[in-house]
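Visitor: Sequence:
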Amino acid sequence: MEHTGSTWCTRSTGCTGSMGYMGHCPYYSWRWACGGRRPGLHSPTSTPWPPLPGLHSPGLHSPGLHSPASSPRPPLTRPPLPGLLSPASTHSASTPRLPLSGLLPPASTHPASTPRPPLPGLLPPASTPRPPLPGLLPRPPLPGLHSPASTLRPPQPGLHSPSVCLSQYRRGGPIIAVQVENEYGSFAEDRGYMPYLQKALLERGIVELLVTSDDAENLLKGHIKGVLATINMNSFQESDFKLLSYVQSNKPIMVMEFWVGWFDTWGSEHKVKNPKDVEETVTKFIASEISFNVYMFHGGTNFGFMNGATDFGIHRGVVTSYDYDAVLTEAGDYTEKYFKLRRLFGSVSAIPLPPLPELTPKAEYPSVKPSLYLPLWDVLQYLNEPVMSNTPVNMENLPINGGNGQSYGFVLYETSICSGGSLRADVHDTAQVFLNEINIGHLHDHAKTLTVPTMTRCQLLRILVENQGRVNFSWKIQDQRKGLTGSVTINNMPLQGFAIYSLEMTMSFFERLRSATWRPVPKACLGPAFYLGTLKVDSSPKDTFLRLRTWNSGFAFINGHNLGRYSIMGPQGTLYLPGAWLHPEDNEIILFEKRKCGSYIQTTDEPVL
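Each residue of the sequence shown is one higher than the one before, starting from 0 at the first, in numbering that gives the first Met the number 0.
No lab work stands behind these hints: they were computed from the structure.
The C-beta atom is built at its ideal place from N, Cα and C for all residues, glycine as well.
Some hints could be false.
Unchecked claim - Each computed PhoX-like pair below joins lysine-lysine, with the alpha-carbon atoms no more than 25 angstroms apart:
#: 1; residue 1: K368; residue 2: K220
#: 2; residue 1: K220; residue 2: K475
#: 3; residue 1: K475; residue 2: K270
#: 4; residue 1: K224; residue 2: K198
#: 5; residue 1: K541; residue 2: K522
#: 6; residue 1: K220; residue 2: K275
#: 7; residue 1: K339; residue 2: K368
#: 8; residue 1: K270; residue 2: K368
#: 9; residue 1: K241; residue 2: K220
#: 10; residue 1: K522; residue 2: K368
#: 11; residue 1: K270; residue 2: K283
#: 12; residue 1: K283; residue 2: K339
#: 13; residue 1: K368; residue 2: K541
#: 14; residue 1: K250; residue 2: K224
#: 15; residue 1: K339; residue 2: K272
#: 16; residue 1: K250; residue 2: K220
#: 17; residue 1: K241; residue 2: K447
#: 18; residue 1: K275; residue 2: K250
#: 19; residue 1: K270; residue 2: K250
What the hints assert, rightly or not - Pair by pair, the computed Cβ-Cβ distance ranges are:
#: 20; residue 1: T450; residue 2: S234; range: 25 to 35 angstroms
#: 21; residue 1: D537; residue 2: N389; range: 15 to 25 angstroms
#: 22; residue 1: S267; residue 2: T448; range: 21 to 31 angstroms
#: 23; residue 1: F311; residue 2: H582; range: 49 to 59 angstroms
#: 24; residue 1: C524; residue 2: N491; range: 30 to 40 angstroms
#: 25; residue 1: E357; residue 2: K241; range: 15 to 25 angstroms
#: 26; residue 1: M454; residue 2: I567; range: 53 to 63 angstroms
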């Protein structure tokens, strides 16, 4: 993490972030995040990252850290959140923890004499706008948002750890503010929830400035007494600032998120924003002495299953890339917006800007032709024992992972049927339906029925359901259970006797697959299957982008790590593959392809978004 004021910077779990300007005190706020609108993890915690080029050179400073509720389940134990719906223990041995210790420097590296900006620079909010919420939250009856005292966890150990409490500014560290929640006004079903979080933060040792963040429409509902309200916006709006002044008079004005771009969803067009419009808006902020964050300053990646989703009548998963048309790209490259803002900040900076760092080199590697494959049906023996249930169970309520259920991935439901007819099922988010190993149709939110062919003998009905990302914005956060969420019927008769397989596709799962009997890839292959190949790189691996033009839809895994979803739907056409994920020479690449095999897996040194 690079700090341009006191100089510190590491890239331990990956960097995505926003950059801002506080009145006449320039700074940038670097936010760490997983998944959907906030980017997901840039790497496993064990993977070191080189310094991020370009973060400090626009002439801004004061790094920030974003610790979202959107990360995989274990971060529910993360500091500094005072209350999240969870059992006493949420850590699963199959999923790595994401500690803050590698992101926050020792307090001793930040002397107490460091000038304190008038508004927040380090912002660990309690949630994020549109990434996926963990599976614990959508469990019935969702009591935590309505009865915090009885259901939110007791003391958060992370809040008392040196990583947070001792890293506060008043104790010689870099944390100068803490965000209580993020855009809770869009939901605001419990007026006691936010004051409860505020009290919990104070009781657990947080002494710095507390803030909230909402758009203009939800500002009144998201604000709480005694906490600085900030606003999110797309462009300079006088009316929005008047509303903010109405909510809290005689307080500094801050735009917590000035959106310089936007995220993409599968099946939509790639979104971009005119650099000149961004420059003009930032110029107005500076002229009006308004503090702001440029969101996003650095694009990111929803690695793994960590993308979020939107639902404005149709559920749409956010693509793997969170490039966001940001000031720095997903891979850390400069953009026209970057150079415009650098010139602008340089014109108001009291000191010369540092020189531009060299960019991370990119490479194109030889194509990979997978030589081996495993149909999904051959893989079931390498999964944990299925859950046996008389009726379907949604993934969050599966009695697995120490009673914590399943948060992400796929669920396979199997039961025996002896007659055809009209099949009906409520699936979230999309499902492939099979008789034995033959695909007979597809279900989703707006296609809940299909016809099962007549049969002369009983057959195995299989329903493979994919979680394509959770919405955690607005009232719809209450309706994010995944898998089969009700009964399955044929001709209105409920089916019973289900075997339910959890496909979380963790590292341990791929280790078990190494002992499987892989088959040669046939000339024609349909249905869900795993495809294995070897990506060969040089002795010093560089960043690259996977190109999967001949494949349909699925996930790519590099050396057991989930790179993310690809889809023929677009707009995203490449997957960012950091060089830090690659080993010198040979690298295992596995595709989980849902529909049909392709030919080659290619790489390129330029993204297709």
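Visitor: Check the structure against each numbered hint from earlier and tell me which ones fail, lowest number first.
Guide: 1, 5, 6, 7, 8, 17, 18, 19, 20, 21, 23, 25 and 26
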